[in-house]
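Each chain, written out:
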Amino acid sequence: MNRYLLSAAALLLLGTNAAFAHITLETQEAPVGSTYKAVLRVPHGCDGKATTAVRVQIPEGVIAVKPMPKPGWTLQTKKGKYEKSYQLYGQAVSDGVKEVDWSGGNLPDEFYDEFIFRATLTADLPVGQKLYFPVVQECGDAAERWIEIPAAGQDEDALETPAPGIKLTPKK
Amino acid sequence: MTAIASGIADTTTRLVGWIAGGLLVALFMVVVPASQAFAHAALIKTDPADGAVLAQAPARFSLTFSEPVSPLVLTLVKPDGTPVALTDFRLTDQTVEIDNRQTLKSGTHVLSWRVISADGHPVGGSILFSIGAPSEPPAVSEAVDWPLRSAIWIGKILLYAGLFLGIGGAFALAWLAADGRDGQRFVIAAILCGLAAAPLSLGFQGLDALGAPLSHLAQPVIWRTGLGTSFGWTVLIALIALGLGLLSLAGPRVLARPFALAGLAGVGAALAASGHASAAEPQWLTRPMVFLHGVGIAFWAGALVPLGLALKRRTAGAVAFLHRFSSAILPVVAVLAVAGIVLAVIQVQTPSALVGTAYGRLLLTKLALLVFLFTLAAVNRWRLTALAEAGATEVQRRLTRSISVEVLIVLAVFGVAAGWRFTPPPRALAIAAAQPVSVHIHALQAMADLSITPGHAGPVAASMIIMTGDFGPLDAKEVTLVLSKPDSGIEPMKRASTKPGDGSWRVDNLVIPVPGRWTVRIDILVSDFQIVKIEAPVDIRP
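Chains as they are written, first to last, in my numbering: chain A, 3 to 174; chain B, 666 to 1207.
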C-alpha cells in the first residue's frame, strides 16, 4: 500500500512534467532574431539499447546552422532549399542545413550525453509559439522517434514521443 | 554588543539563508524536474514472454525494466474479460515480481502494467499469454421467439406438403395413374394447404428477418421485407407451381400432363431459389442438386397417397399404376440420394459436425428416418410389388399398409427438414465466425481501412490500407498498430506491421484476448521526421 501511495505521490509531483523524460533541449525558450545554442539532451537509449545515431530536423525559419563535432561520432549535415529566402547580416540566404546527423557513436543506455548545434532563429518566426526540432534516435536496428508535434489544442504531455521544442519570445 | 548584535544578525542571516535555501530546494523539486533529463523506463523482458502459450498457470510473473520502477497499477485480465488487480508484488532491482496465487483457467490472459520511473513519467503496456491455447470465442445464445419459430416451422411443413404431396400427387395422377382418380381429393387438399402456407410463410420470414413478434404480422413492412429476401422467390415460384398442379387436376385433360410436369419442375425451382443448401458454394453445383432433390422427393412422396388409395380400393388401373411407379422409382431415388449426399457433404464439411452441431444432428435424425423409409420401400419394391402386380389381394393390402406408414415417415422427414430453417449448417457457422470487422479511420493528414479477421476475440490478423487524407497514395515507412481497452484495464499493446507487397500492411499472430469495444490506434510514420497517429473504436465480437 505504501508503495502505491509513494508512487501516487511521485505521479502527482512529477507527472505533469512527464514530457521532459525524453530527448529535450536544454534552453527552453529563445528570442526570435537571435543566435540559439541548442543542446540536445539524450537521457537514455531505445528500450535499453545503446544510442548509435542522433538526427535532428531543422525547422523552416532556422538558418545558419553549425553543429558541434563530437569525438567518436561522425557528423554530417543535409542541405536543401528553404521555403523562402531570409536575411542574414544583409545577405539573402535561400538554402542551408536542413538536417544534422551524428552517427557511428555508441552511447550506452546507462549514460547521458549532449549533442550541440548553433543556429540563427530568424525574425520571421512566430513569437509566442513553440518551435519544434524533431529528433530521430537510432540504436542499431531499433529507433525512437521524438518527432510528435501536438496538433492545435492538443496537450503536449499526452504525446508519447514528443519532439523537443522551444518557446519563441519577442526579439530583444 | 556589536559582537552580539552581529552574532544575532549572522544567525538571522543564516536562518533566512537556510529557509530561502530550503524553499529553493522545494521549488526545485516541484518545478525543476521539468528541465531535468531523467531516464525513461522501458520494458525489456517479461516472464511469461508476450504471446507465450503455457501448459499451466505460472506461480509468478515478472517484468524487467531498463531502470528501477514503481508499479502504479498491475492488472490481470481473464479470458472472460474480468480484470483482477494484482497487489502482491516485490521489487528487486529493475524487476517487478508478481506472485500469482490464483488458478487460471485456460485461455488468453492479459497482464497489464502501469509503472512510474524515476523521471515521473508513467508508462504502461500489456503482454498477452495463454494457458493451454489462445482463447476461443465463447458461445453466445440469442433469445428465441418460440411462437414465431413454431409458426415458421408449421408453415414450412405445410408448404412442403403442398409442394411434395400436392404437386407430386398431381404429377402421379397425370402421368402414372392413367385414368385412376384415387387420392385426387387428398392431392387437392394438399395443394390448397400449400397455397395457404406459402404466403403465410412469407410473412413469417419477414417477421424473422426484422426480429418482430408474431403480432406484427399485419404490418406491410413485414411483408415487403419477406418478399425482399431470397425466400420471396421460393414463395412466388411455389405459388405458380401449386397453381399449375391445381390446373393439371381441374383443367382440360389434354393439358393435365404438361401442367403437372411444369408444376414438378416448379417444385425443384422453388426449393433451389432459397435456403441454406442453395446458398452454399459452389452454386453451380448446389442449386441443381437442390432442384433434383426436390423433384425426386415430389415424384416419390407425391405418388404414395394416390397409389396407396388405388391399391386399397382395388380400382381398375391400380396394378398399372403400381407397375409404372415401381419401374420409375429406382433411378429417381438414386438421383435423389446422390443429390442429398452431395449437399450434406458440402453443408456439414466435417464428420464431427454431424454430432457437434444442431444441423448435423437433424441430418442424422433425417437419415435414421430415411433408413427406415428405404427399408420399407425396398421391401415393397422387391418383395411385394411383383406379387401385388400379379393380383395377390392379401399382398396388395400389406402394400397399402406399408405405403401409409411410408407416408407418415415422409411427413416426419418434412418435419425434420423444416427444422433446418433454424439451424445454420456448419459451413455457414464457419463463414459467420470468420467475418472480419472493418473500420475506416479518417483524419486530415491520413486515413486507414483496418480489417481484423476474424472479427472475434482470439487469434486474429489485422490488415490495413493506408492513404493520405484525400485518398491519395501514402508510402509510409512504418505502420504500428496499437490496441487498448481502457474499460478492461488493458494498456496499449503495440504491434509493428509488415508489408506483404500488395499495398497493405499486416499484423499476423495478433491475439485479441477479450471481446468488446477496443480502441485501435494506427501510428503511421510518413517520413523520417513525421508521424501521424489516427484512432478509432472497434467492436470485437465474442
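Just so you know, these hints were derived from the structure itself, not from any lab.
Please note that the accuracy of each hint is not assured.
To be verified - The list that follows gives simulated cross-link-like pairs (lysine-lysine, DSSO-like), each with its CA atoms no further than 27 Å apart:
#, chain 1, residue 1, chain 2, residue 2
1, B, K743, A, K51
2, A, K39, A, K68
3, B, K1142, A, K83
Against the structure, the hints:
1. With a C-alpha separation of about 33 Å, the suggested pairing of B:K743 with A:K51 is violated against the 27 Å cut-off.
2. Taken as a hint, the A:K39 and A:K68 pair is honoured in the structure, with Cα atoms around 10 Å apart against an allowance of 27 Å.
3. Using a Cα cut-off of 27 Å, the hinted pair B:K1142 and A:K83 holds, with the two alpha carbons roughly 23 Å apart.
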